[in-house]
Amino acid sequence: MAHFDLSLYETVAQRLVRWWTEYPDGRIITSIHHYDGSTIIMRAECYNNDDRMIATGYAEEVFGNSPVNKTSFLENCETSAIGRAISNSRIGHTGERASVTEMQKVNRLNTTPRPDTHGSATPKQIGFLKSLARGKGWDDLQLLEYIHKLLQIDDAIVETLTAGQCSAVIDGLKK
Numbered sequence: 057m058a059h060f061d062l063s064l065y066e067t068v069a070q071r072l073v074r075w076w077t078e079y080p081d082g083r084i085i086t087s088i089h090h091y092d093g094s095t096i097i098m099r100a101e102c103y104n105n106d107d108r109m110i111a112t113g114y115a116e117e118v119f120g121n122s123p124v125n126k127t128s129f130l131e132n133c134e135t136s137a138i139g140r141a142i143s144n145s146r147i148g149h150t151g152e153r154a155s156v157t158e159m160q161k162v163n164r165l166n167t168t169p170r171p172d173t174h175g176s177a178t179p180k181q182i183g184f185l186k187s188l189a190r191g192k193g194w195d196d197l198q199l200l201e202y203i204h205k206l207l208q209i210d211d212a213i214v215e216t217l218t219a220g221q222c223s224a225v226i227d228g229l230k231k
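Counting in our numbering, the final residue of the sequence shown is number 231, and the numbers go up one at a time with none missing.
Honestly, the hints are just simulated from the structure, not real lab data. Check before you lean on any hint, since a few could be wrong.
Only pairs whose alpha carbons sit at most 27 Å apart, straight line, appear in this in silico DSSO-like list of lysine-lysine [to be verified]:
hint, residue 1, residue 2
1, 205, 230
2, 205, 186
3, 231, 186
4, 180, 205
5, 205, 192
6, 192, 230
7, 231, 180
8, 126, 192
The following label-pair restraints were derived from C-beta to C-beta distances [to be verified]:
hint, residue 1, residue 2, range
9, 211, 146, 23 to 29 Å
10, 77, 121, 18 to 24 Å
11, 67, 146, 16 to 22 Å
12, 187, 208, 36 to 42 Å
13, 103, 67, 30 to 36 Å
14, 207, 81, 35 to 41 Å
15, 208, 146, 18 to 24 Å
16, 90, 223, 20 to 26 Å
Note that CB positions come from ideal geometry on N, CA and C, so glycine has one too.
Could you put the whole structure together from the sequences, leaning on the hints where they help?
What follows is the structure in structure tokens.
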């Protein structure tokens with residue numbers, strides 16, 4: 057099981073301090089993208105001082121898969137989505153993209169990459185996919201539109217792609 061140096065990661069609270077310093081008249085809006093009683097996916101949208109959306113972020117949590125998710129999985133998911141959105145914004149991040157909380161979760165879970173193309177895309181795949189999109193000058197919305205068109209599905213988000221879907225998108229972005 058991989059262990060990560062958590063000192064390289066920020067907390068969402070640290071990101072929020074940077075956000076409100078940079079955008080005191082900005083706003084952050086969250087919404088539930090998917091909820092089935094046990095799994096929740098939330099989207100956060102970050103708006104600058106001119107009320108222009110400049111970043112989005114998604115997060116997923118499963119009820120009961122950690123102590124905090126036994127009582128507050130919606131709140132935990134919302135916080136993670138906000139952290140992701142800020143990390144995706146112009147002010148970005150000072151260390152790694154994931155937050156301390158996300159990496160603590162990784163350290164708790166025994167996550168081994170699955171070669172099965174039906175399994176979830178790995179963080180490395182997702183990072184590479186996003187890097188290729190940034191290299192093309194694309195924002196999150198342009199990437200999502202490309203994924204929807206390429207995979208011919210309209211409800212996919214990067215963080216919920218299967219390994220096979222992620223590979224197909226990566227191959228498409230390399231062309």
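Evaluated hints:
no., hint, verdict
1, 205 / 230, "holds, 16 Å"
2, 205 / 186, "holds, 17 Å"
3, 231 / 186, "holds, 15 Å"
4, 180 / 205, "holds, 23 Å"
5, 205 / 192, "holds, 17 Å"
6, 192 / 230, "holds, 10 Å"
7, 231 / 180, "holds, 20 Å"
8, 126 / 192, "violated, 41 Å"
9, 211 / 146: 23 to 29 Å, "holds, 28 Å"
10, 77 / 121: 18 to 24 Å, "violated, 33 Å"
11, 67 / 146: 16 to 22 Å, "holds, 20 Å"
12, 187 / 208: 36 to 42 Å, "violated, 24 Å"
13, 103 / 67: 30 to 36 Å, "violated, 22 Å"
14, 207 / 81: 35 to 41 Å, "holds, 38 Å"
15, 208 / 146: 18 to 24 Å, "violated, 32 Å"
16, 90 / 223: 20 to 26 Å, "holds, 23 Å"
The structure does not agree with the numbered hints 8, 10, 12, 13, 15 stated previously, though it agrees with the rest.
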